[in-house]
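Going by the numbering used here, the final residue of the sequence shown carries number 1270, and the count climbs one at a time with no gaps.
Since the hints were made in silico from the structure, they are not lab data. It is possible that part of the hints are untrue.
[Claimed, not checked] In silico DSS-like links for lysine-lysine, alpha-carbon gap of 25 angstroms or less: (1) 1055 with 1015; (2) 1010 with 1034; (3) 1055 with 1043.
[To be verified] Beta-carbon label-pair distances, calculated as ranges: (4) 1004 with 1111: 39 to 45 angstroms; (5) 1148 with 1233: 53 to 59 angstroms; (6) 1205 with 1019: 42 to 48 angstroms; (7) 1068 with 1254: 34 to 40 angstroms; (8) 1064 with 1199: 48 to 54 angstroms; (9) 1254 with 1111: 23 to 29 angstroms; (10) 1008 with 1147: 18 to 24 angstroms; (11) 1010 with 1056: 54 to 60 angstroms.
Every residue gets a Cβ at the ideal spot worked out from N, C-alpha and C, and that includes glycine.
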Amino acid sequence: MPSQQGSPTVRRLRLGQELRLLRERRKLTGAKAARELGWSASKVSRIEAAKTMPVADDIKALAELYRIGGEKLDELFGLLRDAEQRGWWEDYEDTLPEEYTRFLGLEAEATSQRSWEPQIVPGLLQTEDYAREVILASRGIARITHSGVRSRVEARLDRQRRVLHRAHPCALTVVLDESALTRRFGEPSVMREQMEHLLEISMLPHVSIHVLALDALHPVNTSAFIHLKFRDFDDVVYLEQLYTANFVEDLERVAGYEAAFGHVKSEALDEDESRVLIQRKAMLWRR
């Protein structure tokens, strides 16, 4: 089946995955395939891991070695064409960490996203002023310039438009700890606007926001994470730290994060109860 236009990040991963499966079906090791082609073993490995982009001649050579043609070869070239496209997030790659731009590329094609956030309102749900204050709060540690702050805010708003308001948006489920609603960033007016924005966003049909109340049981002691699901690609979990970020791709560990999210959500308030609590916080920030 010909490839459809989508995220170049996902297409690069899909292309590498397809080439690995084709090699394995021929019962070839990466080293054996490399020897047959006169390549280094690392070249095969990096192409399959989507760390190196193959060129058309590489695809032709691999297809000949794996004895494929017709629709399958057309599919590989379709994936290659899509993988060579430029993603919107690449406009901000000079100011965003490499791991985060990879996450944005994956997020662009996710069918569902589940996010646990114990400290702040997640980026997808932030107002412009709140986002700026969050970024400014870490500027002294992360050494972000004034222009870098501006670029990151622009990227965050661009991300929101492209994820929340695209033609076929992913299903977004967020569980927030109540403390994220009371931890102040900027003036009280910034927080009030943020609470009101949460209420507005929570009414979108594809968005579900839950609050884990401070007096609720906390079934899992874990930091923030985002679990992405795809139509034709394995799930991925994204973990962000102060200076770096990690991707969890091991299926067993991903399943563990999926279970952890389920536990946290089961103890959180339902959507209507969460809106009531958020409304109360908005009223407090008016004082």
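The hints, checked one at a time:
A hinted pair counts as satisfied when its Cα atoms are at most 25 angstroms apart, and residue 1055 with residue 1015 qualifies at roughly 22 angstroms. Of the supplied pair hints, the one linking residue 1010 and residue 1034 holds, its CA atoms being roughly 23 angstroms apart against a limit of 25 angstroms. Distance check on the hinted pair: residue 1055 and residue 1043 sit about 12 angstroms apart at the alpha-carbon level, within 25 angstroms; holds. Under the hint 39 to 45 angstroms, the C-beta atoms of residue 1004 and residue 1111, about 44 angstroms apart, fit the expected range.
Between residue 1148 and residue 1233, the C-beta spacing of about 33 angstroms breaks the proposed range 53 to 59 angstroms. Taking the beta carbon of each, residue 1205 and residue 1019 are about 45 angstroms apart, inside 42 to 48 angstroms as hinted. For residue 1068 paired with residue 1254, a C-beta distance near 37 angstroms keeps the hint of 34 to 40 angstroms intact. In this structure the supplied range 48 to 54 angstroms holds for residue 1064 paired with residue 1199, their Cβ-Cβ distance being about 49 angstroms.
The hint said 23 to 29 angstroms for the Cβ distance between residue 1254 and residue 1111, and at roughly 25 angstroms that hint holds. About 40 angstroms separates the C-beta atoms of residue 1008 and residue 1147, a value inconsistent with the hinted range of 18 to 24 angstroms. For the pair residue 1010 and residue 1056, the supplied restraint of 54 to 60 angstroms is violated, since their beta-carbon distance comes to about 20 angstroms.
Of the numbered hints given earlier, the model fails hints 5, 10, 11; all others are met.
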